[in-house]
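S.K.: Residues per chain, in single letters:
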Amino acid sequence: MAVGLDCGTSFYISSRADLIKKQRNAFLTLDGEPGVIKRMLSRKGIPYVERNNRTHIVGQYAFDYAQIFSGAQLKRPMKDGLLNPGERDSLPVLKAIIEELLGKPESENETCVYCVPSKPIDRETLVNYHEDALSNLIESLGYKPVSVEESVALAYEGLADHDLTGIAISMGAGMCNLCVMYAGMPAVTFSVARGGDFIDTHAGLDTGVSTAKAQYVKESSNLNIFKQTDGMYDDETEQSNIQSALRSYYGALIRYLLANLRKQFTNADDIPNFQNPVPLVIGGGTAMVDGFVDFFKVQLEKEGLPIDISDVILVENPHTAVSRGCLADALIEESD
Amino acid sequence: MVQRGISHRLTIFTTMEFPLFELIILSSITVLQLFLLELWLIKKKPKEEHKYFINGGTAQSGESSPSLRHSHPSKDVGHIDLDYQSKMYIENVDSSTIVSTQEEGKVSTKVDKLRELKNRRR
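Residue numbers (our numbering), protein chains in the order written: chain C, 256 to 591; chain U, 10 to 131.
Calculated directly from the structure, the hints in this document are not laboratory data. A portion of the hints provided could be inaccurate.
Unchecked claim - Calculated cross-link-like contacts (lysine-lysine; reagent style DSS-like; alpha-carbon spacing at most 30 angstroms):
#1 U:Lys122 / C:Lys552
#2 C:Lys557 / C:Lys482
#3 C:Lys299 / U:Lys122
#4 U:Lys122 / C:Lys359
#5 C:Lys359 / C:Lys293
#6 C:Lys399 / U:Lys122
#7 U:Lys52 / C:Lys399
#8 C:Lys359 / U:Lys52
#9 C:Lys374 / U:Lys115
#10 C:Lys518 / C:Lys334
#11 C:Lys293 / C:Lys482
#12 C:Lys374 / C:Lys334
#13 C:Lys399 / C:Lys374
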């Protein structure tokens, strides 16, 4: 058998033929006597890991805890799609998260296809260290690690019904990854170092709330970014202000993506000349907000692209699409 | 007038009893001989062999070396082969207390479609 692993900034998601597992990629360090803290967490059934006499709450519980206690600082093992250089405990925490998600390999050297971001065009950074670190982590658990670019994994899921021809955009928390594919061959792949975190950070700054609070409103409220703004400001609650800011920054992010995609079409030599209109498929957690596709279409109409787009499609179950694309690639890899 | 003046002076110079002219001629010939000898010696000297080889490459002399190093190292000076593929050390953390969200049931993928596309292109 085989397993696919989406290594996202916000979530790690593993897929097997009959099981999908998700873990929020976050942790929170608790100060105090480790023995007392561990007993307390065990009684409450809260997951934690211990390292160097420090206790970390890991995953969704850390995220929830940070909402309740505004003074608690949520830590992220990854930042902007890559390993967080400012977080010294990130690798051990990631190892624990991956170990729990993958479990023991079902066969010797079971293939694990994991996704890595493409090289960002708006940041002076490479992805090699990130790729190697994840490869080592996965290999240390007894798997055969194989990497695939995130946007290509999404294309395997979203463009399979379109002869693997079109544009795939994976909108994650730290980055957005883009791929222009023709007949299964990626012509151009790149990423931009903006994603859902960019939206949360700026919406939080502009409305005077924490980033975690803005993220919480984005994920749990009845936000519809396509909904007209009429009446939105009548109810001047904190939540409606945050929603309004979120909508603005969704627009800014989509326009930024389209402008960079247009630039690639204008400047790159490798862009194929599509003879017919091609689909544009979108996946990733940032695209899950209500009204996203309609809102994207409006921005696309305003910005335009130098090729004809037949349709803008939100891939089925956008949150797990990259992980399922990794699984499909792993199954083919194992059968070859 | 001028030509006549120069030839007159040369006649005086070559015919004078003073051995200065002979000395100049002899010393010039000696310098020329030394210069030619030096040139001949340089040409005859064998070329120095290259002492550095890279990863088993064969040098001009046919000698080979397994790594980048000097062929005549000083005594007690060894070399280190760096293993660039070495695994990084990541501390183990007990993951048994972590719980993830799970969705059981057949996971939908496009693997059959991908296989079909792959076979069609073969």
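S.K.: Can you give the numbers of the hints that this structure goes against, from lowest to highest?
M.R.: Those not satisfied are hints 3, 7, 8, 9 and 11.
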